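Listed below, chain by chain, are the residues.
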Amino acid sequence: MNHQSTDINVSRRQFLKVSVTATGSFSLASFLPGCATFGGKALSEGGDWAANAWLEITSESNIIFTLDRVEMGQGTTTGLTTLLAEELGVEPETVTVIYAPVANDYRNPEYGLQMTGGSNSLSTSWGQIRLAGATAREMLVAAAAEVYEVPVEQCQANDGYVALADHSKKLSYGELAVLAASQSVPSNPRLKPAAEFRFIGKQNKRLDIAGKVNGRTVYGIDTDVEGMVYAVISRSPVIGGKVKQFDASKALASKGIVAVFEVYNGIAVLAEQYWQARKAQQTLEIEWDEGPLAELSSDDMFQSFKQAALADQGKIVRDEGDFDDAVEGAARVFEAEYHTPFLAHATLEPMNCVVEVRDNHAQVWAPTQAPDLARIAVARVTDLSPSDVDVTVTAIGGGFGRRLTQDFIEEAAAVATQAKRPVKLMWSREEDTQHDWYRPATYHKLKATFNDTGGVTGWDHQIVAPNLLDWYIRDAAPAQYPWAPKFMYGMLGSIGLAMQGVAVPKDETAIEGAVSVPYDIANLQVRHTHADIGVPVSFWRSVGHSQNAFYVESFIDELAHETMTDPFLFRQSLLQNQPRQRRVLELAAEQSGWSKSLPKGRFRGISVHKSFKSYAAQVVELSVDNGEINMHRVVCAIDCGIVVNPDIVKAQMESGIIFALTAALYGEISLKNGRVEQSNFDDYKLLRMNETPEIDVYIVDSNESPTGVGEPGVPPLAPAVANAIFAATGKRLRSLPLRLT
Amino acid sequence: MKIAVNGVEQVVEFEPDTPLLWVIRDELKLKGTKFGCGKGLCGACTVHLNGHAIRSCITPVSAVENQNITTIEGLGSDDTPHPLQASWVEFNVPQCGYCQSGQLMSASALLAQNANPTDADIDSAMSGNACRCGTYPRIKAAIHHTADNLKNS
Numbered sequence: 002m003n004h005q006s007t008d009i010n011v012s013r014r015q016f017l018k019v020s021v022t023a024t025g026s027f028s029l030a031s032f033l034p035g036c037a038t039f040g041g042k043a044l045s046e047g048g049d050w051a052a053n054a055w056l057e058i059t060s061e062s063n064i065i066f067t068l069d070r071v072e073m074g075q076g077t078t079t080g081l082t083t084l085l086a087e088e089l090g091v092e093p094e095t096v097t098v099i100y101a102p103v104a105n106d107y108r109n110p111e112y113g114l115q116m117t118g119g120s121n122s123l124s125t126s127w128g129q130i131r132l133a134g135a136t137a138r139e140m141l142v143a144a145a146a147e148v149y150e151v152p153v154e155q156c157q158a159n160d161g162y163v164a165l166a167d168h169s170k171k172l173s174y175g176e177l178a179v180l181a182a183s184q185s186v187p188s189n190p191r192l193k194p195a196a197e198f199r200f201i202g203k204q205n206k207r208l209d210i211a212g213k214v215n216g217r218t219v220y221g222i223d224t225d226v227e228g229m230v231y232a233v234i235s236r237s238p239v240i241g242g243k244v245k246q247f248d249a250s251k252a253l254a255s256k257g258i259v260a261v262f263e264v265y266n267g268i269a270v271l272a273e274q275y276w277q278a279r280k281a282q283q284t285l286e287i288e289w290d291e292g293p294l295a296e297l298s299s300d301d302m303f304q305s306f307k308q309a310a311l312a313d314q315g316k317i318v319r320d321e322g323d324f325d326d327a328v329e330g331a332a333r334v335f336e337a338e339y340h341t342p343f344l345a346h347a348t349l350e351p352m353n354c355v356v357e358v359r360d361n362h363a364q365v366w367a368p369t370q371a372p373d374l375a376r377i378a379v380a381r382v383t384d385l386s387p388s389d390v391d392v393t394v395t396a397i398g399g400g401f402g403r404r405l406t407q408d409f410i411e412e413a414a415a416v417a418t419q420a421k422r423p424v425k426l427m428w429s430r431e432e433d434t435q436h437d438w439y440r441p442a443t444y445h446k447l448k449a450t451f452n453d454t455g456g457v458t459g460w461d462h463q464i465v466a467p468n469l470l471d472w473y474i475r476d477a478a479p480a481q482y483p484w485a486p487k488f489m490y491g492m493l494g495s496i497g498l499a500m501q502g503v504a505v506p507k508d509e510t511a512i513e514g515a516v517s518v519p520y521d522i523a524n525l526q527v528r529h530t531h532a533d534i535g536v537p538v539s540f541w542r543s544v545g546h547s548q549n550a551f552y553v554e555s556f557i558d559e560l561a562h563e564t565m566t567d568p569f570l571f572r573q574s575l576l577q578n579q580p581r582q583r584r585v586l587e588l589a590a591e592q593s594g595w596s597k598s599l600p601k602g603r604f605r606g607i608s609v610h611k612s613f614k615s616y617a618a619q620v621v622e623l624s625v626d627n628g629e630i631n632m633h634r635v636v637c638a639i640d641c642g643i644v645v646n647p648d649i650v651k652a653q654m655e656s657g658i659i660f661a662l663t664a665a666l667y668g669e670i671s672l673k674n675g676r677v678e679q680s681n682f683d684d685y686k687l688l689r690m691n692e693t694p695e696i697d698v699y700i701v702d703s704n705e706s707p708t709g710v711g712e713p714g715v716p717p718l719a720p721a722v723a724n725a726i727f728a729a730t731g732k733r734l735r736s737l738p739l740r741l742t
Numbered sequence: 162m163k164i165a166v167n168g169v170e171q172v173v174e175f176e177p178d179t180p181l182l183w184v185i186r187d188e189l190k191l192k193g194t195k196f197g198c199g200k201g202l203c204g205a206c207t208v209h210l211n212g213h214a215i216r217s218c219i220t221p222v223s224a225v226e227n228q229n230i231t232t233i234e235g236l237g238s239d240d241t242p243h244p245l246q247a248s249w250v251e252f253n254v255p256q257c258g259y260c261q262s263g264q265l266m267s268a269s270a271l272l273a274q275n276a277n278p279t280d281a282d283i284d285s286a287m288s289g290n291a292c293r294c295g296t297y298p299r300i301k302a303a304i305h306h307t308a309d310n311l312k313n314s
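In order, the protein sequence lines correspond to chains A and B.
So the number in the numbering used here is just where the residue sits in the first sequence, counting from 1, plus 1.
So the number in the numbering used here is just where the residue sits in the second sequence, counting from 1, plus 161.
Please keep in mind that the hints were generated in silico from the structure rather than gathered at the bench.
Everything numeric in this text was worked out from a predicted model, so none of it was measured.
Warning: the hint list may mix true and false statements.
To be verified - Computed cross-link-like contacts, BS3-like style, restricted to lysine-lysine with a CA-CA straight-line distance of at most 25 Å:
no., chain 1, residue 1, chain 2, residue 2
1, A, 686, B, 200
2, A, 448, A, 307
3, A, 256, B, 200
Please put together the full structure from these sequences, using the hints given.
Following this line, the structure appears as structure tokens:
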């Protein structure tokens with residue numbers, strides 16, 4: 002129970018709350034108003050309140066940080082812990098990190114959802130978590146000053162102790178915790194200036210490594226619970242198909258089988274052992290109602306996109322000058338068509354989830370990027386309401402946006418409810434590849450106008466693509482309004498929000514990175530023609546930027562060559578009003594030796610792209626041998642504002658580049674007869690060590706607030722490779738993956 | 162049937178065609194060995210069979226009866242980690258970490274057979290292990306570093 006608590010509005014946007022727990026721990030939480038649940042009720046339930054705190058200092062001086070973002074390898078655990086540790090003056094390694102349960106207080110302030118994605122963990126936590134640390138530090142210092150009977154100026158907090166300036170006395174944070182909690186909460190705690198940073202910008206160790214080198218980190222797939230059985234589901238081979246009828250007699254006769262039954266999207270097979278479930282699954286005889294996509298092929302889809310582009314000029318999403326005028330006055334018009342395929346996420350840990358439903362309560366263990374959406378997914382297929390569902394987020398074997406969609410959790414909940422016992426649902430690699438929610442396939446038309454001296458006067462970009470939020474809002478909208486009765490979920494997912502006067506978030510997923518084309522062109526328009534073929538789509542590392550950078554940065558390269566200008570100088574001349582883009586472009590060019598000649602047979606390509614508020618430029622060096630593309634080197638310049646952990650920034654650039662190379666050289670999910678043609682890593686290939694180029698990362702020194710690093714390394718890569726292939730072969734590849742044969 | 166895992170003899174009851182991976186994970190509760198593809202394509206399930214790296218997801222348990230299996234849990238200990246594990250920490254190799262048990266098992270089998278591997282040797286031994294986070298440059302650097310340390314010690 003709390004002995005004591007204080008609320009104070011420390012600024013217009015921040016609230017802090019402090020209390021002492023039953024064990025004498027000092028807790029401090031920072032909340033955003035409007036999201037916070039604190040108040041009389043929360044305080045009277047002391048135990049719960051302490052669990053929701055971001056920071057707890059125990060009487061034994063343990064510093065416990067509740068992290069409200071998930072760790073997928075992107076380094077958030079280390080980055081956010083470093084912010085807290087910096088202000089508390091303790092080594093980041095000494096802080097114990099626990100992962101947050103579902104609570105409104107832990108919502109991502111940019112989304113109003115408890116979600117990790119969009120490369121914004123550091124940018125949204127930069128002020129908030131340092132403030133939480135600084136507030137605690139000042140209260141510890143005030144407590145010590147009271148004990149020592151000196152002014153606070155004579156006390157220093159460092160390495161877990163508050164000492165007198167002359168070091169004659171010191172007390173540990175734990176010893177001071179109870180007294181610290183009784184201090185008034187400072188209204189304007191002093192954040193450490195950059196000159197005093199001990200860890201920010203200097204911390205290069207990750208805090209999550211030990212368990213990842215000895216096999217002890219527990220991922221979703223490693224979760225075991227008492228009485229659990231293994232489940233697999235046979236889903237329709239045609240996207241969107243349903244079970245018409247099935248015969249499970251052979252499966253039921255298989256060894257170890259517990260049950261076979263139909264769920265909303267297929268037939269579930271439950272067994273004592275995983276392999277028993279898989280073997281029995283192969284004997285199922287299922288007749289499918291293949292549904293409306295039974296005839297769909299990728300070729301037909303792109304044809305329909307082309308028709309859509311002609312039939313619908315699209316919504317104008319950016320309009321500067323007058324493009325029609327530019328066409329009329331042009332000495333020359335140049336145009337090109339591009340397209341990119343669906344892509345699977347291919348996280349190395351396949352989709353899986355453990356669910357136990359008992360006594361009107363569900364416990365979920367899942368590798369998810371959005372635990373509050375998981376509760377909605379579970380509620381939809383059970384008799385439970387979201388508040389009856391607890392979600393424990395496990396370690397995550399790769400996210401890349403895949404785990405923002407909760408379909409695998411919904412399935413597991415449906416199976417566990419029907420099975421009336423705990424279930425571990427596991428997807429095979431084939432199922433993971435063929436039942437993903439994909440990066441959308443899109444089709445683009447670009448057109449530019451030149452004057453008679455070769456200057457670019459106009460730019461018209463037509464995007465034919467679906468909106469991701471059309472698919473996502475099904476779970477996201479109810480998660481924002483968990484009080485809504487379940488019969489409203491469908492309405493909330495579409496027009497319901499607007500009818501209630503709630504603003505539906507603006508969906509920029511189709512246009513991002515294209516609408517923001519940075520080049521200084523007088524007459525510029527970007528249009529979006531909405532086209533959705535009915536294949537589930539979702540967020541894929543760097544989302545719209547992942548394709549749109551390919552289109553914009555390939556087409557600008559085409560314009561450079563059309564005007565016989567060096568592609569670097571051409572971009573530089575059109576970025577005179579974009580200093581941060583220009584800076585990374587120049588840095589990448591300089592470090593790659595752009596102006597110097599290459600050994601015979603080697604060629605370069607360049608690109609620059611802003612995403613998630615960060616700026617990245619890349620120069621690729623490759624050779625082409627009998628149509629085979631050999632990557633030699635990638636030079637990457639990144640401006641992500643103030644750097645908290647330089648080695649993680651570097652690692653994320655390496656990661657983004659390799660992830661993007663897989664997509665640029667191999668990535669394609671194609672459809673035939675409504676079925677995904679790829680199935681495993683033999684036909685949906687991942688880049689391997691022997692294909693990985695040398696990668697050199699250069700970080701721009703900056704005083705700007707920190708911005709994203711998990712995704713911005715991805716977008717510039719594919720166009721830089723395509724541009725280098727053009728330099729090598731004179732062939733302009735206008736679709737992905739990049740293939741010369 | 163009997164198998165020896167990390168030096169401990171185990172009696173397990175599984176159908177003979179069950180992949181070793183599921184026996185290790187679900188019966189012996191050694192969860193460090195991972196499932197990634199089920200076809201021997203990604204290397205997440207790599208363990209040692211009598212010192213050699215094998216893919217446990219396509220190895221029937223009956224094929225390893227009475228033989229010695231080593232998993233990531235048996236590669237080193239907290240007090241004396243395998244030198245590669247120490248290098249993995251030093252080079253901040255893991256990101257999501259899911260593939261790293263398999264990477265370490267392949268790398269340790271390589272070093273056991275070739276104390277001084279070239280880039281090409283490392284590529285050849287490691288290109289069966291996929292990493293979706295793209296930690297390859299650090300894995301390669303960490304293997305070289307480990308080999309250099311062992312040479313100088």
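Hint-by-hint comparison with the structure:
Restraint check for residue 686 of chain A and residue 200 of chain B: the C-alpha separation of about 13 Å stays at or below 25 Å, so the hint holds. At most 25 Å may separate the alpha-carbon atoms for a hinted pair to count; residue 448 of chain A and residue 307 of chain A meet this at roughly 15 Å. Distance hint between residue 256 of chain A and residue 200 of chain B is fulfilled; the C-alpha atoms sit about 23 Å from each other, no more than 25 Å.
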